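**Student:** Residue numbers (our numbering), protein chains in the order written: chain A, 311 to 943; chain B, 10 to 388.
Think of the hints as simulated: they come from the structure by calculation, not from any bench.
Predicted, not measured: the structure shown is a model, and the values here were computed from it.
Treat the hints with care, as some may be off.
If you want the ones that stay clear, here's a sample from chain B, every Cβ over 12 Å from chain A, calculated [what the hints assert, rightly or not]:
hint: 1; residue: 72
hint: 2; residue: 165
hint: 3; residue: 253
hint: 4; residue: 316
Once the Cα atoms are required to be at most 35 Å apart in a straight line, the calculated DSBU-like pairs of lysine-lysine come out as [as the list claims (entries may be wrong)]:
hint: 5; chain 1: A; residue 1: 836; chain 2: A; residue 2: 926
hint: 6; chain 1: A; residue 1: 608; chain 2: A; residue 2: 705
hint: 7; chain 1: A; residue 1: 495; chain 2: A; residue 2: 826
hint: 8; chain 1: A; residue 1: 611; chain 2: A; residue 2: 832
hint: 9; chain 1: A; residue 1: 427; chain 2: A; residue 2: 611
hint: 10; chain 1: B; residue 1: 200; chain 2: A; residue 2: 317
hint: 11; chain 1: A; residue 1: 317; chain 2: B; residue 2: 25
hint: 12; chain 1: A; residue 1: 317; chain 2: B; residue 2: 225
hint: 13; chain 1: A; residue 1: 432; chain 2: A; residue 2: 495
hint: 14; chain 1: B; residue 1: 25; chain 2: A; residue 2: 432
hint: 15; chain 1: A; residue 1: 705; chain 2: A; residue 2: 679
hint: 16; chain 1: A; residue 1: 611; chain 2: A; residue 2: 564
hint: 17; chain 1: A; residue 1: 427; chain 2: B; residue 2: 225
hint: 18; chain 1: A; residue 1: 826; chain 2: A; residue 2: 705
hint: 19; chain 1: B; residue 1: 225; chain 2: B; residue 2: 200
According to the in silico footprint, chain B covers these stretches of chain A (three or more CB under 8 Å from chain B) [stated by the list, open to error]:
hint: 20; segment: 507–515
hint: 21; segment: 828–837
Cβ atoms here follow ideal geometry from the backbone N, Cα and C, with glycine treated the same way.
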Amino acid sequence: MSINRDKEKARLFSRRALFMAGGQATLMSVLVGRLYYLQVIQSDEYTMMADDNRMNIRLLAPLRGRILDRFGEEIAINRQNYRVVLIREQTKSVEQTLDRLSELVTVTPSDRARVLKETRRKRGFVPIPVMENLAWDEFARINVHSPELPGIQLDVGETRYYPYGPLFAHTVGYVGAVSEKDLQKLAPDPLLELPGFRIGKNGIEKYYDLFLRGTAGTSRVEANAFGRVIRELNRQEGSPGNELVLTVDAQLQKFATTRMGEESAAATVLDIHTGDILAMVSVPSFDPNSFTTGISTKEWKGLQNNPKHPLSNKAVAGQYPPGSTFKMVVALAALEAGVISGGHEVYCNGGTNLGKRRFHCWKRGGHGKLNLRAAIEQSCDVYFYDIARKVGVDKIAEMANRLGLGHKLDLDLRGERSGLIPTTDWKRAVRGQRWQVGDTFNVGIGQGFVLATPLQLAVMTARLANGGKAVTPRFVKKVAPDGEDIPVETEIPDIGVSKASMRQVLEGMFDVVNSKRGTGRKSRIKQEGWEMAGKSGTAQVRRISKKERKTGVLKSAERPWKERDHALFVAFAPYDAPRYAVAVIVEHGGGGSSVAAPIARDLLLEALRLDPVGNKTRQKFSANTPDDGDQNA
Amino acid sequence: MLKELGAPEGSLPLSKKIWDMNWGFVLLICATASIGFVMLYSAADGNIDPWASRQMIRFAAGLVIMFVVALVDIRIWLRLAYPLYAISLLMLGAVEVMGVVGMGAKRWVEIGPIQIQPSEIMKITLVLAIARYFHGLPIEYVRRVRWLIIPIILVALPSALVLRQPDLGTTLLLVAGAGIVFFAAGVSLWKFGLIIGSAIPAAFFAYQFLHEYQQKRILIFLNPESDPLGSGYHIMQSKIALGSGGVFGKGWVQGTQSHLNYLPEMRTDFIFSMLAEEFGMVGGLVLFSLYILLMAYGYAIAYRSRNHFGRLLAIGMTGVFFLYVFINIAMVMGLVPVVGVPLPLISYGGTSMLTLLVGFGLIMSVYLHRDLELHSKTY
Chain A
311 MSINRDKEKA RLFSRRALFM AGGQATLMSV LVGRLYYLQV IQSDEYTMMA
361 DDNRMNIRLL APLRGRILDR FGEEIAINRQ NYRVVLIREQ TKSVEQTLDR
411 LSELVTVTPS DRARVLKETR RKRGFVPIPV MENLAWDEFA RINVHSPELP
461 GIQLDVGETR YYPYGPLFAH TVGYVGAVSE KDLQKLAPDP LLELPGFRIG
511 KNGIEKYYDL FLRGTAGTSR VEANAFGRVI RELNRQEGSP GNELVLTVDA
561 QLQKFATTRM GEESAAATVL DIHTGDILAM VSVPSFDPNS FTTGISTKEW
611 KGLQNNPKHP LSNKAVAGQY PPGSTFKMVV ALAALEAGVI SGGHEVYCNG
661 GTNLGKRRFH CWKRGGHGKL NLRAAIEQSC DVYFYDIARK VGVDKIAEMA
711 NRLGLGHKLD LDLRGERSGL IPTTDWKRAV RGQRWQVGDT FNVGIGQGFV
761 LATPLQLAVM TARLANGGKA VTPRFVKKVA PDGEDIPVET EIPDIGVSKA
811 SMRQVLEGMF DVVNSKRGTG RKSRIKQEGW EMAGKSGTAQ VRRISKKERK
861 TGVLKSAERP WKERDHALFV AFAPYDAPRY AVAVIVEHGG GGSSVAAPIA
911 RDLLLEALRL DPVGNKTRQK FSANTPDDGD QNA
Chain B
10 MLKELGAPEG SLPLSKKIWD MNWGFVLLIC ATASIGFVML YSAADGNIDP
60 WASRQMIRFA AGLVIMFVVA LVDIRIWLRL AYPLYAISLL MLGAVEVMGV
110 VGMGAKRWVE IGPIQIQPSE IMKITLVLAI ARYFHGLPIE YVRRVRWLII
160 PIILVALPSA LVLRQPDLGT TLLLVAGAGI VFFAAGVSLW KFGLIIGSAI
210 PAAFFAYQFL HEYQQKRILI FLNPESDPLG SGYHIMQSKI ALGSGGVFGK
260 GWVQGTQSHL NYLPEMRTDF IFSMLAEEFG MVGGLVLFSL YILLMAYGYA
310 IAYRSRNHFG RLLAIGMTGV FFLYVFINIA MVMGLVPVVG VPLPLISYGG
360 TSMLTLLVGF GLIMSVYLHR DLELHSKTY
């Protein structure tokens with residue numbers, strides 16, 4: 311009985327066991343199928359995902375190209391930035407390490423708090439910056455004590471440095487961190503996303519940013535799931551940025567900046583044959599190095615609220631009434647139009663009446679009878695009212711344009727402004743008014759609507775001095791250290807002014823400085839063969855009222871600073887074989903001949919002495935001497 | 010000592026037993042465990058320490074225990090089935106009262122210096138107890154629902170305690186392992202249908218009582234993309250490891266997913282992914298073959314046994330072993346949710362290794378005593 315039952319049990323069991331074995335075999339084949347699906351059919355996809363997981367591409371920032379002056383003097387370089395970083399997992403106590411570090415160098419409480427906060431937030435192997443821009447002796451001290459400083463590592467990065475500080479702040483500019491706006495505006499470059507990457511924010515640094523930037527290198531690394539780099543798989547070095555050689559002479563720039571002192575002023579020195587900018591000064595200035603590392607709000611506010619506008623490059627962005635420096639334009643226009651000859655004479659009795667209005671000459675008693683040369687020499691306003699009316703404003707504007715005024719000169723600098731040379735059409739279009747003869751009178755003496763930048767005035771002077779060649783200013787001499795000089799156009803177009811007309815104007819400018827009655831006689835150059843020619847200008851900032859005319863005008867120096875006249879002077883030298891042109895403006899400085907002329911003279915003298923155009927090489931004069939000099943040596 | 014254990018009359022002499030032992034089965038076990046050592050060597054970046062060496066020592070100790078279990082007369086196991094079950098249940102109760110909390114769950118009790126995980130022991134003793142019950146139950150009663158109440162209680166009690174720890178994986182293994190014995194004993198198929206049918210609403214009901222992390226695991230399994238950085242991340246990285254291994258693998262100690270820490274738990278639950286990454290599909294299929302051979306041995310031994318207890322015990326143990334293999338591998342392949350089930354004989358860990366070897370010991374005991382006819386009435 312029980313045996314039968316047992317057999318029955320065994321039979322049932324066998325059936326069930328077979329069934330189960332079948333079920334398990336089915337499930338095992340599901341696993342085999344899945345294995346095949348994952349490892350054969352989808353293998354490529356998962357291989358890619360595994361590589362994505364482990365491989366990380368890190369960008370290597372290229373070295374930014376240096377900026378040099380025409381003699382190879384360093385204006386913008388990359389300086390080693392000595393940093394201290396802390397790696398949490400290498401120290402038992404972050405606090406203790408920081409304590410020991412602060413025995414060697416001063417660690418500010420805010421730095422300390424920041425480091426402690428970051429060590430808690432970030433993974434143990436991530437280096438956390440503790441201090442930057444250490445002095446060499448601090449760096450060395452920490453280095454010597456490094457065995458007692460677990461977790462502390464020294465690290466050398468590169469930061470932009472401007473050895474001349476404020477001297478080239480306006481022209482060369484500065485670099486700064488990439489902003490959201492930059493990312494939208496600039497051509498895409500993965501470098502821009504790199505933390506801590508700096509781009510040109512102003513001046514040459516901005517204009518030539520792509521040349522200076524270089525291209526990124528890449529380092530492919532294998533990283534684990536926590537982001538720790540296990541090893542470098544391969545590395546592709548980027549290429550450093552190109553070097554720029556500027557046309558400026560750092561030594562002349564330094565002299566000019568010192569010479570202008572505490573004024574709010576601007577000056578430009580040009581090579582009249584090539585248009586090379588040898589010095590471009592705008593004072594007061596600021597230190598671009600503080601922008602590179604990040605400027606404090608207080609410092610920034612101070613710069614912004616300064617009435618002398620240190621942030622603006624007055625040499626190209628400052629627009630001033632040119633005053634009497636404009637008289638050469640009016641004279642040339644009249645001569646070329648044939649309405650006068652050099653012998654044309656006007657009697658000046660101190661003013662001219664136009665309807666009910668009287669237009670005054672700067673000299674109350676009048677100059678008496680004058681021809682053109684004497685009118686330029688003594689800057690007689692009445693003479694120029696007369697010839698301006700004769701030639702008309704449109705001819706004057708046309709001559710001004712030929713001399714480089716009234717439009718941008720396409721300089722490779724940011725913030726260049728176009729100035730303003732009015733015409734009858736302009737007044738109708740912009741002001742909706744008819745042109746008045748009185749407007750022409752004002753234009754005749756460089757007042758009224760007329761505006762020009764110091765750079766434009768320097769270009770005007772250069773074009774007069776070089777016999778009517780339309781030179782354009784330039785700031786960059788060559789790109790890359792071994793590159794050829796950017797060629798100066800050999801066929802500089804002529805502005806089409808006759809030699810005879812030109813000579814008469816230049817003779818007038820010579821007399822301004824060198825004749826007995828010249829307005830700038832006090833500032834003449836006495837060295838034989840270096841004589842300069844020039845023209846002063848005094849631009850009114852406010853109108854002189856009728857009442858003041860009667861009661862007597864307050865002298866410029868007696869008015870509040872903001873209401874004083876701008877002093878201008880344009881000049882070139884040597885008169886017989888011109889090489890250098892200069893334009894100087896001193897904001898609210900007073901009279902052009904008394905304030906601006908001596909500065910212009912000193913700049914020309916220094917330019918002649920240094921002769922950056924004649925000399926191809928020069929002995930280095932500063933401490934941070936570069937290894938390679940000018941390639942043309 | 011062994012002699013005393015094998016006391017009942019009619020038992021073979023010890024030397025004969027040892028000679029008669031199923032050495033092919035033992036060899037298969039050793040071969041499979043060796044694959045584990047190889048993988049643990051790789052998991053330590055090419056070092057025998059700390060994992061491979063410890064695992065070898067545990068395996069050696071486990072083998073000794075396996076032999077002892079194998080040599081014990083099957084009649085003694087039959088006699089001890091209920092008492093062992095009762096002891097395990099008491100220990101599970103002790104976990105509830107005085108368990109050690111680790112990883113957010115109470116799973117261990119401390120007895121002196123040793124930590125014991127009673128749920129592991131229960132995997133063996135539950136199969137023993139159910140096999141014992143059906144061994145003694147006349148065939149015509151098997152079909153009656155009333156006679157199924159006692160074994161269902163036998164399953165329900167430990168399952169409830171383990172679920173409370175909470176340990177969903179082990180609970181499922183206990184229920185499924187017992188279910189295999191139920192099925193092999195001949196419980197009619199429609200009853201299984203009924204149980205599975207009622208299990209679905211019960212699952213919804215039980216879902217409410219699950220811990221949040223367990224609920225989350227199930228949800229993430231159903232939609233892995235919903236949490237690419239959390240638990241779904243583990244499955245994803247495991248699939249990447251498997252898939253990138255390809256047919257021949259990346260080579261021993263060369264797995265990028267494993268060695269760069271993208272693969273989670275690579276010594277324990279996800280060790281199969283590392284194996285398949287480093288040795289490819291070839292390596293995976295070799296391991297499958299070993300497992301299938303081991304299970305085939307289990308089935309053959311169950312079939313050869315002339316007593317019902319032995320049959321049910323062998324097939325129950327083989328079934329539990331299969332469940333381990335299937336759930337673990339299906340999990341790392343993303344076929345079932347992540348439940349903490351180790352890969353038998355391969356994953357690092359002492360307790361599961363010991364449980365498995367005891368289970369294999371019981372299967373071998375069934376083999377050694379296959380010709381004993383134990384009548385239901387005898388005990």
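**Student:** Hint by hint, note whether the structure agrees.
**Tutor:** Do the hints match the structure? See the list:
Non-interface status of residue 72 of chain B relative to chain A is upheld: no Cβ of that chain comes within 12 Å, the nearest being about 25 Å off. At roughly 23 Å from the closest C-beta of chain A, the C-beta of residue 165 of chain B stays outside 12 Å, upholding its exclusion from the interface. At the 12 Å boundary, the C-beta of residue 253 of chain B falls inside the reach of chain A, the nearest C-beta of that chain being 4 Å off. Not every Cβ of chain A is farther than 12 Å from the Cβ of residue 316 of chain B; the closest lies at roughly 8 Å, contradicting the non-interface assignment.
Proposed proximity of residue 836 of chain A and residue 926 of chain A is supported: the alpha carbons are some 27 Å apart, at most 35 Å. In summary, the hint linking residue 608 of chain A to residue 705 of chain A is not supported, as the alpha carbons are separated by about 50 Å, beyond the 35 Å threshold. Using a Cα cut-off of 35 Å, the hinted pair residue 495 of chain A and residue 826 of chain A is violated, with the two alpha carbons roughly 58 Å apart. For the hint linking residue 611 of chain A to residue 832 of chain A, the alpha-carbon distance of about 41 Å lies beyond 35 Å, and the restraint is violated.
For the proposed pair residue 427 of chain A and residue 611 of chain A, the alpha carbon gap of about 30 Å is at most 35 Å, so the pair holds. At roughly 23 Å between alpha-carbon atoms, residue 200 of chain B and residue 317 of chain A fall within 35 Å of each other, so this suggested pair holds. Between residue 317 of chain A and residue 25 of chain B, the direct Cα distance comes to roughly 28 Å. Compliance with the 35 Å bound is thereby established for this hinted pair. Restraint check for residue 317 of chain A and residue 225 of chain B: the C-alpha separation of about 49 Å exceeds 35 Å, so the hint is violated.
In summary, the hint linking residue 432 of chain A to residue 495 of chain A is supported, as the alpha carbons are separated by about 32 Å, within the 35 Å threshold. Note on residue 25 of chain B and residue 432 of chain A: the hinted pairing is violated, with a Cα-Cα distance of about 66 Å set against a maximum of 35 Å. Between the alpha carbons of residue 705 of chain A and residue 679 of chain A the distance comes to roughly 25 Å, so the proposed pair stays at or under 35 Å and holds. For a cut-off of 35 Å, the pair hint linking residue 611 of chain A to residue 564 of chain A stands: about 26 Å separates their Cα positions.
Taking the CA atoms of residue 427 of chain A and residue 225 of chain B, the gap is about 33 Å. The hint holds against a cut of 35 Å. A C-alpha spacing of about 32 Å is found between residue 826 of chain A and residue 705 of chain A, which places the hinted pair at or below 35 Å, so the restraint holds. At roughly 31 Å between alpha-carbon atoms, residue 225 of chain B and residue 200 of chain B fall within 35 Å of each other, so this suggested pair holds. A stretch counts as covered by a chain when three or more of its residues have a beta carbon under 8 Å from one of that chain; for the segment 507–515 of chain A and chain B the count is 0, and the coverage is violated.
With 0 residues having a Cβ less than 8 Å from any Cβ of chain B, the segment 828–837 of chain A misses the three-residue criterion, and the hint is violated.
The structure fails hints 3, 4, 6, 7, 8, 12, 14, 20, 21 (numbered hints given earlier, in ascending order).
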